[in-house]
Amino acid sequence: MITKRIIPCLDVRDGRVVKGVNFEGLNDVSSPIELAEYYSKNGADELVFYDITASHENRKLFTDILTEVAKKIFIPLTVGGGINSIDDFDRVLKCGADKVSVNSGAIKDHSLVGAAAKRYGDQCVVLSVDVKRVGGRFKVFLHGGRIETELDALDWIKKCVDEGAGEIVVNSIDTDGVKGGFDLELLEKVCDIVDVPVIASGGAGCIYDYTKLFKAIPKVDAGLAASVFHFGEVDIRELKSVLRSENINVRMI
Amino acid sequence: MISIIDYGVGNLYSLRCSFEYIGQRVVVTDDPSVISKSDRVILPGVGAFADAAAKLSATGLDKVVRAEAASGKPLLGVCLGMQMLLEKSFEYGEHKGLGLIKGEVVPIAPKVSKDYKIPHIGWNALSFPAGREKCPIFKYLDDGAHVYFVHSFYADGCGDALAATTEYGATLTAAVASGNVFGTQFHPEKSGEVGLDILRAFCEV
Numbered sequence: 001m002i003t004k005r006i007i008p009c010l011d012v013r014d015g016r017v018v019k020g021v022n023f024e025g026l027n028d029v030s031s032p033i034e035l036a037e038y039y040s041k042n043g044a045d046e047l048v049f050y051d052i053t054a055s056h057e058n059r060k061l062f063t064d065i066l067t068e069v070a071k072k073i074f075i076p077l078t079v080g081g082g083i084n085s086i087d088d089f090d091r092v093l094k095c096g097a098d099k100v101s102v103n104s105g106a107i108k109d110h111s112l113v114g115a116a117a118k119r120y121g122d123q124c125v126v127l128s129v130d131v132k133r134v135g136g137r138f139k140v141f142l143h144g145g146r147i148e149t150e151l152d153a154l155d156w157i158k159k160c161v162d163e164g165a166g167e168i169v170v171n172s173i174d175t176d177g178v179k180g181g182f183d184l185e186l187l188e189k190v191c192d193i194v195d196v197p198v199i200a201s202g203g204a205g206c207i208y209d210y211t212k213l214f215k216a217i218p219k220v221d222a223g224l225a226a227s228v229f230h231f232g233e234v235d236i237r238e239l240k241s242v243l244r245s246e247n248i249n250v251r252m253i
Numbered sequence: 254m255i256s257i258i259d260y261g262v263g264n265l266y267s268l269r270c271s272f273e274y275i276g277q278r279v280v281v282t283d284d285p286s287v288i289s290k291s292d293r294v295i296l297p298g299v300g301a302f303a304d305a306a307a308k309l310s311a312t313g314l315d316k317v318v319r320a321e322a323a324s325g326k327p328l329l330g331v332c333l334g335m336q337m338l339l340e341k342s343f344e345y346g347e348h349k350g351l352g353l354i355k356g357e358v359v360p361i362a363p364k365v366s367k368d369y370k371i372p373h374i375g376w377n378a379l380s381f382p383a384g385r386e387k388c389p390i391f392k393y394l395d396d397g398a399h400v401y402f403v404h405s406f407y408a409d410g411c412g413d414a415l416a417a418t419t420e421y422g423a424t425l426t427a428a429v430a431s432g433n434v435f436g437t438q439f440h441p442e443k444s445g446e447v448g449l450d451i452l453r454a455f456c457e458v
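Listed in order, the protein sequences are those of chains A and B.
Quick note: the first sequence, position 193, residue 193 per the working numbering, numbers continuous.
Quick note: the second sequence, position 112, residue 365 per the working numbering, numbers continuous.
For the record, the hints were derived by calculation from the structure and aren't laboratory data.
Computed from a predicted model, the values in this text were never measured in an experiment.
Even for Gly, the Cβ is constructed at its ideal location relative to N, Cα and C.
Hints may be right or wrong, so weigh each one.
[Stated by the list, open to error] Covered by chain A, per the in silico footprint, the following chain B stretches (three or more residues, Cβ under 8 Å): (1) 260–267; (2) 438–444.
[Claimed, not checked] Below are the DSS-like pairs computed for lysine-lysine, each with C-alpha atoms no more than 27 Å apart in a straight line: (3) A/Lys118 x B/Lys355; (4) A/Lys118 x B/Lys367; (5) B/Lys308 x A/Lys72; (6) B/Lys308 x A/Lys94.
[Stated by the list, open to error] A short list of chain A residues far from chain B (calculated; beta carbon distances all over 12 Å): (7) Gly15; (8) Ala44; (9) His56; (10) Asn58; (11) Ile73; (12) Asp88; (13) Lys132; (14) Val134; (15) Gly145; (16) Arg146; (17) Glu163; (18) Ile173; (19) Asp195; (20) Pro197.
Could you put together the complete structure from these sequences and hints?
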């Protein structure tokens, strides 16, 4: 059977990892290449690189780094951040990305998901959605929760899957940063309406949050997080042995 | 030297990097003279079978692959490249394959219950057929090693060419082998150390 995936997310700004932390054996904590290698060797099933570079000039720096990462790390790589067009898909796929994650780009251009899926295949297109509760409904937000859109999150996710999104990253703004666990209510609703892999994001604070997630919603395929891994609060090897002891199928290395 | 055949299907960067990482000289090429001079040949591929098969024959590289296989040179098909080694495919119609390995490519969906998401994407465990000698490309692996899959169709009816399977609501062909011709449904270049060990073993065949 297919394993549950554990996915660290690396935020990269101007060629450096934001929120770096000291790990044993890691010389340069803000080097995306070193950190990616560290995670890959320690059990990450996949890596997400998120480009939070503000300027166009520094985009090249990001793709140069991606090219270097792909030379050394042989697990699936997903790239997000600043993906607004087919040209952006092309740019990162050529540098070794296996999947491309779109968020605001899909909202600005409703045809982007469909066009990308047609060109590169559904498995290549990851829809990332920032979701927050507003008046009892789940709404789509932009810019990490600062801007509310008109979109109903469940309708939006369904529409994008129908158009070819092959995987959904559900980031709950309500639980993000709180470290009180994943947003199980939201995730369950998403799993009920789509039949593509669903990746939970936002809220992980400890190992227990992952066992709770996979036990409560067996249809969730993966857990994504940034700071709990970067700050060493959750060690991926330890996380995976706990998951395995709870009879959750994971890849041990 | 290893030739990765470039017939305009898919991204070959990771595949090239993985061979370079294990210390192999590798070229990505569509030049028959370069391919014939190399020691090993890789047939890659992603996307739809019909489109890839059409491109391979339009470039004349189908004949090159057949000739290289007949010469006894180790040949490895990866993902759709593996499927192309078979006799035929039923992906959106019926299409002829290279016929180097017994069997045909069929959809996974009718074989599994609706609880199983299609495509089959992610890390899954390999099993090696019992009572048979292990395929040489898996010599460094133990039963249960995890590799990375992305596919909606699989190879069926491979008979003695079946080299590894994986469980996904049904037993699916994960790898095939016949003499000097090998194929993996999964992506060794995306399967971490396990994948690199498969490529190392292939380079020692």
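Verification of the supplied hints:
| no. | hint | verdict |
| --- | --- | --- |
| 1 | 260–267 | holds (count 3) |
| 2 | 438–444 | holds (count 3) |
| 3 | A/Lys118 x B/Lys355 | 31 Å, violated |
| 4 | A/Lys118 x B/Lys367 | 24 Å, holds |
| 5 | B/Lys308 x A/Lys72 | 30 Å, violated |
| 6 | B/Lys308 x A/Lys94 | 20 Å, holds |
| 7 | Gly15 | 20 Å, holds |
| 8 | Ala44 | 9 Å, violated |
| 9 | His56 | 23 Å, holds |
| 10 | Asn58 | 22 Å, holds |
| 11 | Ile73 | 9 Å, violated |
| 12 | Asp88 | 15 Å, holds |
| 13 | Lys132 | 27 Å, holds |
| 14 | Val134 | 30 Å, holds |
| 15 | Gly145 | 29 Å, holds |
| 16 | Arg146 | 32 Å, holds |
| 17 | Glu163 | 16 Å, holds |
| 18 | Ile173 | 26 Å, holds |
| 19 | Asp195 | 6 Å, violated |
| 20 | Pro197 | 6 Å, violated |
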